[in-house]
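Asker: Single-letter residue listing:
There are 4 protein chains.
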Amino acid sequence: MASKTPVGFIGLGNMGNPMAKNLIKHGYPVIAYDVFPEACKEFQDLGAQVTESPADVAERADRIITMLPSSPNAKEVYTGANGILKKVKKGSLLIDSSTIDPAVSKELAKAVEKMGAVFMDAPVSGGVGAARAGNLTFMVGGVEQEFNAAKELLTCMGSNVVYCGEVGTGQAAKICNNMLLAISMIGTAEAMNLGIRLGLDPKLLAKILNMSSGRCWSSDTYNPVPGVMEGVPSSNNYQGGFGTTLMAKDLGLAQISATNTKTPVPLGSQAHQIYRMMCAKGYALKDFSAVFQFLREEESL
Amino acid sequence: MASKTPVGFIGLGNMGNPMAKNLIKHGYPVIAYDVFPEACKEFQDLGAQVTESPADVAERADRIITMLPSSPNAKEVYTGANGILKKVKKGSLLIDSSTIDPAVSKELAKAVEKMGAVFMDAPVSGGVGAARAGNLTFMVGGVEQEFNAAKELLTCMGSNVVYCGEVGTGQAAKICNNMLLAISMIGTAEAMNLGIRLGLDPKLLAKILNMSSGRCWSSDTYNPVPGVMEGVPSSNNYQGGFGTTLMAKDLGLAQISATNTKTPVPLGSQAHQIYRMMCAKGYALKDFSAVFQFLREEESL
Amino acid sequence: MASKTPVGFIGLGNMGNPMAKNLIKHGYPVIAYDVFPEACKEFQDLGAQVTESPADVAERADRIITMLPSSPNAKEVYTGANGILKKVKKGSLLIDSSTIDPAVSKELAKAVEKMGAVFMDAPVSGGVGAARAGNLTFMVGGVEQEFNAAKELLTCMGSNVVYCGEVGTGQAAKICNNMLLAISMIGTAEAMNLGIRLGLDPKLLAKILNMSSGRCWSSDTYNPVPGVMEGVPSSNNYQGGFGTTLMAKDLGLAQISATNTKTPVPLGSQAHQIYRMMCAKGYALKDFSAVFQFLREEESL
Amino acid sequence: MASKTPVGFIGLGNMGNPMAKNLIKHGYPVIAYDVFPEACKEFQDLGAQVTESPADVAERADRIITMLPSSPNAKEVYTGANGILKKVKKGSLLIDSSTIDPAVSKELAKAVEKMGAVFMDAPVSGGVGAARAGNLTFMVGGVEQEFNAAKELLTCMGSNVVYCGEVGTGQAAKICNNMLLAISMIGTAEAMNLGIRLGLDPKLLAKILNMSSGRCWSSDTYNPVPGVMEGVPSSNNYQGGFGTTLMAKDLGLAQISATNTKTPVPLGSQAHQIYRMMCAKGYALKDFSAVFQFLREEESL
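Chains as they are written, first to last, in this note's numbering: chain A, 1 to 301; chain B, 1 to 301; chain C, 1 to 301; chain D, 1 to 301.
For the record, the hints were derived by calculation from the structure and aren't laboratory data. Certain hints may be false.
Treat identical chains as interchangeable: a pair holds within one or across any two.
What the hints assert, rightly or not - For lysine-lysine, the following BS3-like pairs were computed, each having C-alpha atoms within a straight-line distance of at most 30 Å: (1) K151 / K110; (2) K75 / K106; (3) K281 / K114; (4) K281 / K86; (5) K151 / K203; (6) K106 / K151; (7) K203 / K110; (8) K90 / K25.
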């Protein structure tokens, strides 16, 4: 184990934190960086080497994983004044697990290539729980012959690592999955709400949907109705899980990709609007399954 | 087998035909009726007794199953001039497997009760294939103590027979399932279409969705993209399966129920509109998964 | 003036109250009824004769106007145990100004005809303000040769009285107008909100829309953005005007009519859902232009 | 007249052609350029000086108007290898009448400023007919003290020239107007279609809407139902006017602006999807009022 070469990790937030810890658990020395110094402290205690900039990380590690909240952050970390590209070594493998516009992934890939290094986009499916348990799904885009090198690291953090095609297709797969997820979740919330109004018991209705053609991950694994399932955000006042703002962000990426490729996505765009309205109505920090609560008519009128 | 008492069956269309045949296979003498006499011929050859009106069926059988296309047909068969109620015997069990407005089911139940008989609504999930194979799902609403009597017959035609609650809840469960199904199907079509436009291989994208949170029946069992799965309508030019007109009809029922109960169903109502537009654009008789084709931009422009 | 024959008026709510007063102002003796006795008191003081039931009104007046909140109320007032039809005189003219399902108007018309009387549907456009000012628009459906008799009364309460066609077309015109109104209002709210976010001054943007192809009643007469116009609900915390619940109700009628006639109304159905969600989120009693407030992102996040 | 200094005009397509002609009519010598040489021929005959690149135009004129189909074209014309900025003179006034992303207008403005020149965005409202008649509406963004200089030229081509605020607000006003226009047009088409189905005469219904709160430019000036008005595209098989592809493009710009500013636009995004679907179904080149035809159910089924 001790012989493993160090891995850089940039972005130690809600998701990056448990992901980097899983790398350490698998014996990789970690070179860490985050814009918020306090996010790094915990890693110092775990034996990681904490640096002062993405460039510093690139100087000390030739394999780097980045996990950042949005396109501008990713651009800054890669191409900014103290960005990775300032000191990246030839032949380095740079894996970006952020969820960003596929067009930006392609831009970054070009810039990385010019420096003689390799870029792959590898966004994840699964929330903080999956990140802790090490069973995220990684959707990876990039040159196929580098996939195995990436997979070696990603399997420390995820149970599924899927090669999707050229650079940007990891993002595409993530965006498409989350758009369908949002649609199914809202659909499940609507169907459950309507059924309850029509006199059905929610647990029974969920059972029926799950044995029929309405079955989906949102109905059988993450049901949005409080009391139907245990251990999901709906049974914990919609705390934890995957926040409404994050879902709205991913749907915005889907919307931009669909607009640019002239692809009709009538329900996807409506789902985007609904999560956008929820953000405006106080649901920003609640789990995205809170759409059930948003749609439910209030008693008082 | 010979000792089984006869069962009436009214409505021998695409669905009723294979359902009635399964009753016969299970040894039940069938008393048959359909408005179209030619629909009955086949049953005469199978040894069924063919009658001239729903009332005649009611005279000869005290357990009757009805399978009709819409609310007005159901009203006519039960309460019309030659309807079941003209000659229904006290204590008869009348099971309506049509998909209709739950409010109409409740009306029919009241009329049936006045005659001293029992009414249950038992709409089905699953198409013609499932009807032939005898593995439909029945969603049953009505008085609970009569459920076992209904189940005895329904298990001849379906593999799942679920008690849903009081009269009308069978319809409610069906409507909610199909609304969610339509939403997931359109969502799957949008996600697959967008992914393909962004450079993903359709089979790979389907595989990724199916191992992630976008997974749903429409993605893993009935994928709408030609070539992704075998044995589904999308691989047969969208022939067979569950017609777009039928889906539009069920979504109309969902819409009316939602309007009457003041339940917000933003995606359900949009799904209704999309299937309604498809009917107007030549897709009426195609399987409902043809929404993929409808949304796909044409090359020529 | 004294020689005018009495007119019955049933339903003295927010709208009925000022409408009946305008009849009185024009010299018509009014025979009044409302389910809530307190609604009648004011009319007693104004010299109207207050009765105990719709039947009583029918006994004393052969021209009756009804203004009721929904289809069931209208059915009750016409065909109920103490309804108009119990004592209606042959040749009476019954004008229903309620906004209800056109199909119900047709049912009532048939029942009225059987008694040898005449029924017309005459729903109104314009809110409480227009009712007070006597400049409502009436959309009238029914036998054309009776239109002038109806118009004589309706011009006391409205400045536009339009003959629309056979029974039910008054409702149809009203429903279509209000569906388009809801769509334009939400559209205006979205366009104003987006423009403000992009740096435009709201008054200037309204001015530009109003001289361009985006111009509509909601932008030039009833602008939903506080401060853009005076004397409209948006400048009075969305009080007064046309309530969100009422708009949701009318959109529900449009939805049911569209479903029954298989007419695609994608934006109409989405508008319905938005007003339904607003009702669920505390906007029920606010003017329908409050959709601007509903869509506006909250600062605090 | 002869003493007027020349004006550059780049982009002589459907809109640019009549706009440039109006400049000539007002006595301005025009320096013309278009990527398609044949578009220039007509101008040569009219006495205009035809050049070989945008840079050439900039060399010979210090006031230039550009009218281009999309953001990439605008970028090329301004910042490309033979772009305006290669030879722009200090103090030049560059007015872009293209409809593009406001963010791109801001980028171009910055690049122009660096060269010591002035940039204003001035997109238009009104189609080819208005361009010919010289009564376009111009929505102008940029430094206020330059507005009068711009207005001098723009009034030759339009009857309304409105100052909107800083650079980009012209685009913002245009985008907001067209989003509202699309919503009102679809809403008018839905309302007219529903009314016709419910038995109303289309001309009468249009008249009623136009005197009521449903009134909008799409109902009273550009009605989408064939036969209701003369001289509009709906009465000419939806030829001419404002093409569906162009509307889809503008709605895409609105969508991107709304996504970037986190503004909920539920009907705007649905309108975008509907025009996108229309493009996919053979309506790309028809006037955008053809949405009436798109929504109308076909008889044959």
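Asker: Take the hints in turn and mark each one as holding or not.
Answerer: Evaluated hints:
no. : hint        : result
1   : K151 / K110 : within (21 Å within a copy, 44 Å between copies)
2   : K75 / K106  : both (11 Å within a copy, 20 Å between copies)
3   : K281 / K114 : neither (45 Å within a copy, 42 Å between copies)
4   : K281 / K86  : neither (43 Å within a copy, 49 Å between copies)
5   : K151 / K203 : between (40 Å within a copy, 21 Å between copies)
6   : K106 / K151 : within (20 Å within a copy, 42 Å between copies)
7   : K203 / K110 : between (51 Å within a copy, 28 Å between copies)
8   : K90 / K25   : within (28 Å within a copy, 63 Å between copies)
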